[in-house]
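J.: Below are the chains, spelled out letter by letter.
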Amino acid sequence: MEAKQGANESIRFEFQNHIDQLNTAPEWWQTFKSQSFESYSNAPLPGRSDENWRFANRKGLSLDTFDFGPKNLPATTDSLVEQSDLTSAQSGRLVFADNQTLAYNQASQELQDKGVIWSSLQDALVHHSDLLKDYFMKQDIDLGSEKFAHLHSAFVANGALLYIPKGVEIEAPFCCYNWVDAQDGAIFPHMLVIAEEFSKVSIAEAHLSAGNEPALSCGVTHLFAGVGAKIDYTLIQNFNEQTLGFQINSNIAGKDSEVKMNSVNIGCHHYRSETHGQIKGSGAHVDMRSLALVDADQEIDQRTLQTHSAPHTTSNLLFKNALMQNAKTIFSGLIKVDECAQLTDAYQTNRNLLLSNTAEANSLPGLEIEANDVKCSHGATTSEIQDEEIFYMLARGIPKEAAQELIVYGFFEEILDCIKDGKLAETARIIIREKFKA
Amino acid sequence: MTTTATQLDIDRDKGNFKVEESHKYDAGIGLSEATVDYICDVKGEPDWIRDFRKRALKVFEGKPMPTHWASKDLENIDFQKIRYYLAGDQRAKRSWDDVPDEVKATFERLGIPENERKFLAGVEAQFDSEAAYSNIKDAVAKDGVIFMGSTDALMEHPEIFKKWFGKVIPTGDNKFSALNSAVFSGGSFIYIPPGVKVSHPLQAYFRINAENFGQFERTLIIADEGSEVTYMEGCTAPKFDTATLHSAVVELVAMPGAKIEYITVQNWSSNVFNLVTKRAIAHENAVVKWIDCNIGSRLTMKYPGVVLKGRKARGEVLSIALANDGQHQDTGAKMIHAADETTSNVISKSISVGKGRSTYRGQVHIPKHLKGCKNNTECDALLINSESRTDTYPAITVRGDKNYVQHEASVSKVSAEQIFYMQQRGLSEAEAMSLSVNGFVNELTREFPMEYSVELKRLIELEMEGSVG
Numbered sequence: 024m025e026a027k028q029g030a031n032e033s034i035r036f037e038f039q040n041h042i043d044q045l046n047t048a049p050e051w052w053q054t055f056k057s058q059s060f061e062s063y064s065n066a067p068l069p070g071r072s073d074e075n076w077r078f079a080n081r082k083g084l085s086l087d088t089f090d091f092g093p094k095n096l097p098a099t100t101d102s103l104v105e106q107s108d109l110t111s112a113q114s115g116r117l118v119f120a121d122n123q124t125l126a127y128n129q130a131s132q133e134l135q136d137k138g139v140i141w142s143s144l145q146d147a148l149v150h151h152s153d154l155l156k157d158y159f160m161k162q163d164i165d166l167g168s169e170k171f172a173h174l175h176s177a178f179v180a181n182g183a184l185l186y187i188p189k190g191v192e193i194e195a196p197f198c199c200y201n202w203v204d205a206q207d208g209a210i211f212p213h214m215l216v217i218a219e220e221f222s223k224v225s226i227a228e229a230h231l232s233a234g235n236e237p238a239l240s241c242g243v244t245h246l247f248a249g250v251g252a253k254i255d256y257t258l259i260q261n262f263n264e265q266t267l268g269f270q271i272n273s274n275i276a277g278k279d280s281e282v283k284m285n286s287v288n289i290g291c292h293h294y295r296s297e298t299h300g301q302i303k304g305s306g307a308h309v310d311m312r313s314l315a316l317v318d319a320d321q322e323i324d325q326r327t328l329q330t331h332s333a334p335h336t337t338s339n340l341l342f343k344n345a346l347m348q349n350a351k352t353i354f355s356g357l358i359k360v361d362e363c364a365q366l367t368d369a370y371q372t373n374r375n376l377l378l379s380n381t382a383e384a385n386s387l388p389g390l391e392i393e394a395n396d397v398k399c400s401h402g403a404t405t406s407e408i409q410d411e412e413i414f415y416m417l418a419r420g421i422p423k424e425a426a427q428e429l430i431v432y433g434f435f436e437e438i439l440d441c442i443k444d445g446k447l448a449e450t451a452r453i454i455i456r457e458k459f460k461a
Numbered sequence: 005m006t007t008t009a010t011q012l013d014i015d016r017d018k019g020n021f022k023v024e025e026s027h028k029y030d031a032g033i034g035l036s037e038a039t040v041d042y043i044c045d046v047k048g049e050p051d052w053i054r055d056f057r058k059r060a061l062k063v064f065e066g067k068p069m070p071t072h073w074a075s076k077d078l079e080n081i082d083f084q085k086i087r088y089y090l091a092g093d094q095r096a097k098r099s100w101d102d103v104p105d106e107v108k109a110t111f112e113r114l115g116i117p118e119n120e121r122k123f124l125a126g127v128e129a130q131f132d133s134e135a136a137y138s139n140i141k142d143a144v145a146k147d148g149v150i151f152m153g154s155t156d157a158l159m160e161h162p163e164i165f166k167k168w169f170g171k172v173i174p175t176g177d178n179k180f181s182a183l184n185s186a187v188f189s190g191g192s193f194i195y196i197p198p199g200v201k202v203s204h205p206l207q208a209y210f211r212i213n214a215e216n217f218g219q220f221e222r223t224l225i226i227a228d229e230g231s232e233v234t235y236m237e238g239c240t241a242p243k244f245d246t247a248t249l250h251s252a253v254v255e256l257v258a259m260p261g262a263k264i265e266y267i268t269v270q271n272w273s274s275n276v277f278n279l280v281t282k283r284a285i286a287h288e289n290a291v292v293k294w295i296d297c298n299i300g301s302r303l304t305m306k307y308p309g310v311v312l313k314g315r316k317a318r319g320e321v322l323s324i325a326l327a328n329d330g331q332h333q334d335t336g337a338k339m340i341h342a343a344d345e346t347t348s349n350v351i352s353k354s355i356s357v358g359k360g361r362s363t364y365r366g367q368v369h370i371p372k373h374l375k376g377c378k379n380n381t382e383c384d385a386l387l388i389n390s391e392s393r394t395d396t397y398p399a400i401t402v403r404g405d406k407n408y409v410q411h412e413a414s415v416s417k418v419s420a421e422q423i424f425y426m427q428q429r430g431l432s433e434a435e436a437m438s439l440s441v442n443g444f445v446n447e448l449t450r451e452f453p454m455e456y457s458v459e460l461k462r463l464i465e466l467e468m469e470g471s472v473g
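Residue numbers (the working numbering), protein chains in the order written: chain A, 24 to 461; chain B, 5 to 473.
No lab work stands behind these hints: they were computed from the structure.
Among these hints, one or two may not hold up.
Claimed, not checked - Below, a list of computed lysine to aspartate or glutamate pairs in the DMTMM-like style, where the Cα atoms sit at most 20 Å apart:
#, chain 1, residue 1, chain 2, residue 2
1, B, Lys406, A, Glu169
2, B, Lys97, B, Asp156
3, B, Lys406, B, Glu391
4, A, Lys398, B, Glu215
5, A, Lys423, B, Asp156
6, A, Lys278, A, Asp410
7, B, Lys378, A, Asp410
8, B, Lys378, A, Glu412
The whole structure should be built from the sequences, with the hints applied where relevant.
T.: This is the structure:
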């Protein structure tokens with residue numbers, strides 16, 4: 024108990040340092056952070072009977088060993104910036120390492136003239152404080168990681184703000200790279216996207232480790248899609264396997280909007296990802312897709328929620344996991360259809376491919392339906408690769424290991440196909456292949 | 005449609021009547037150690053049972069309500085306002101002639117003696133806490149089949165009873181299994197000797213007559229090697245304004261190669277909290293099939309389970325739930341695979357009418373080091389009215405080698421085209437709806453013995469009445 028108290032004290036100490044350095048920041052920001060830290064301190068750690076944490080390993084959630092203090096710029100800055108190039112084109116880029124800005128590629132003058140805002144959080148606090156005040160952390164956190172969301176709010180120092188005004192359509196993605204470098208360091212990636220009426224935008228984000236040291240990442244992505252807006256968001260997470268990661272994603276889809284969220288999860292020792300699609304306007308469509316390739320003792324814990332609170336809405340979820348060695352995955356998803364959300368079409372699919380007999384796949388697909396005129400379904404399957412499939416390839420001279428690999432690539436293609444940027448999809452393929460080689 | 009109309013009139017409140025209470029034994033209101041002592045004294049139970057009950061009471065008191073995942077409606081149960089033991093007599097009668105008139109009248113009205121003559125191999129009828137009647141046809145008894153109330157079995161066959169009692173469902177399994185273990189009374193005990201195949205079903209009928217009452221029957225069925233048995237249970241109660249509690253524990257043991265089919269048609273009145281723990285152990289090559297229909301009650305929480313303990317064992321749950329206004333059918337299945345090449349199948353169909361809510365909750369567990377296990381789960385939900393509600397919460401864990409699990413669930417309403425098609429052919433909207441719903445569950449009702457599937461169809465028609473238009 025004493026040790027725990029001590030650890031809490033050290034986090035509080037670091038928080039005090041953090042807030043002291045914010046004396047030039049807007050007052051609301053300082054208040055918000057202080058309140059968030061108190062909420063973090065007061066919130067209990069997930070308990071044994073907490074349904075949102077069912078099957079999850081709650082022992083690995085201790086934050087005692089992490090250092091929340093500020094870090095020096097990594098020595099390898101140039102190399103990190105150079106490696107932060109995963110897309111074929113970009114409309115703007117932000118590169119962060121240990122919460123500090125390494126590179127900032129602005130949006131083109133043309134876009135700026137149209138009113139597009141692409142800014143680091145640090146800059147946004149100075150120039151767009153009112154916008155942040157309205158939108159920052161304004162989506163509900165309701166999938167179990169409330170405590171960690173408060174921690175994020177308390178310590179978040181940097182991140183990306185993207186604002187697309189009414190009617191502006193942009194093809195090339197805005198890219199954001201979050202590196203963690205320091206040993207036992209903690210990063211708090213933040214992505215806030217506000218797409219106004221009938222705008223169109225895509226975003227690519229990558230979470231990466233510079234080295235092999237243990238670290239903590241606690242990130243939040245919030246997307247706001249206005250009437251008729253289209254947002255396409257892809258997150259590639261490839262931290263080293265010493266990292267503890269939390270990623271809290273949420274989107275609000277307005278009338279006739281279209282939101283797509285893709286995730287590629289490769290790294291982390293223990294990764295908890297929460298994704299909430301809030302479908303609030305009629306005619307809206309939300310896609311949520313994810314792939315995870317896990318090995319060794321990795322645990323990937325995915326919680327999703329599709330909330331339909333307006334009629335004539337559709338959502339589609341596809342989460343695919345391939346598990347090697349002693350890896351463990353949890354998929355827990357819920358489709359919630361409110362009484363007023365008639366004529367909803369909602370689907371949820373979880374596919375788990377077991378590549379070893381010691382891997383463990385947990386699946387908790389759920390439905391809560393209060394409207395009657397709906398089409399909702401979920402499906403979950405878990406199995407190994409069928410003998411016939413392997414046999415087919417063996418018969419064509421492909422060795423067993425290679426055959427297994429090929430089948431896994433094919434298994435993931437369904438997700439990778441949906442990543443629009445060709446180079447980004449290819450990068451994901453390379454990461455997957457490398458993981459097989461290792 | 006006039007024929008159906010008359011059938012409907014007969015059945016609507018078939019179970020909704022009560023006879024005057026005349027209990028010789030009454031443990032009073034509320035639960036304490038004294039209640040447990042009273043039950044032990046009245047029944048003349050040995051000390052190991054008394055200790056067992058008292059330990060269970062402690063466990064019950066120590067366990068919180070499972071409201072972190074279950075319905076908050078559970079909090080409306082006041083355990084201190086319930087009567088835990090009411091009985092007229094300790095020993096069940098072998099002939100209907102010896103059964104007290106008002107009790108006999110009750111069961112006659114429910115058609116039990118008639119069914120017994122027609123198609124049953126044995127019948128047990130429980131009235132509040134104890135069995136009033138228990139009989140088995142001579143031909144079946146001759147083979148060594150034991151079928152009696154569990155109170156009697158405890159006295160007459162302690163060697164078999166003690167060996168299996170509480171082994172499939174330990175006291176501490178959940179709060180309500182602990183409660184049952186503390187105050188259990190009644191229920192059936194069945195033992196089928198090796199190789200005996202009981203061709204006709206054995207039936208138990210559970211009746212609650214008294215107000216503010218809790219029925220806690222305990223059923224234990226052991227099917228020895230290579231034997232087969234079908235057991236059916238039905239339940240009704242009159243409707244009271246106050247809550248009635250029914251919390252049973254049912255344990256099945258299927259020895260190698262045995263087959264047990266357990267059929268429940270639950271039609272409790274809409275003030276009954278029906279919180280039942282049912283589980284089976286299936287040894288090598290054994291098959292256990294739960295067929296579970298939940299039509300009545302206020303809140304039912306019941307997840308029949310099979311622990312697949314022997315190689316190639318098979319477990320099945322076929323479940324139909326119908327939730328009408330004021331009802332919550334929280335049902336499901338548990339399949340715990342514990343040996344290689346075990347298979348399980350869960351098919352659940354639920355219908356929510358009016359403000360009814362139906363929930364499927366399932367668990368499939370395949371631990372590591374197992375090979376070649378398969379599970380198939382299908383849950384379909386039908387929503388009739390705009391206020392109807394349905395939920396699905398399965399939990400699936402898979403490890404091991406060559407295991408295959410698939411789960412599918414869908415939610416839909418009756419298609420407008422279907423209804424239109426039938427209306428065009430002269431059916432009213434309500435008739436068309438009723439026909440569609442019966443079609444929806446037809447695949448499952450076909451699995452039932454004839455008499456039950458007819459009964460079930462009628463019950464569904466009744467519940468559907470007035471739900472549209």
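J.: State for each hint whether it applies.
T.: Verification of the supplied hints:
The straight-line distance between the Cα atoms of B:Lys406 and A:Glu169 is roughly 38 Å, outside the 20 Å bound, and the hint therefore fails. A distance of roughly 11 Å separates the Cα atoms of B:Lys97 and B:Asp156; the hinted pair therefore holds under the 20 Å criterion. The suggested pairing of B:Lys406 with B:Glu391 is violated, with an alpha-carbon distance near 43 Å, which exceeds 20 Å. For the hint linking A:Lys398 to B:Glu215, the alpha-carbon distance of about 42 Å lies beyond 20 Å, and the restraint is violated.
About 62 Å separates the Cα atoms of A:Lys423 and B:Asp156, which puts this hinted pair outside 20 Å; it is violated. Simply put, A:Lys278 and A:Asp410 have alpha-carbon atoms about 47 Å apart, too far for the 20 Å limit, and the pair is violated. As the CA atoms of B:Lys378 and A:Asp410 are separated by approximately 15 Å, the hinted pair is consistent with the 20 Å bound. For the hint linking B:Lys378 to A:Glu412, the alpha-carbon distance of about 19 Å falls within 20 Å, and the restraint holds.
Hints 1, 3, 4, 5, 6, counting from the list given before, are not met by this structure.
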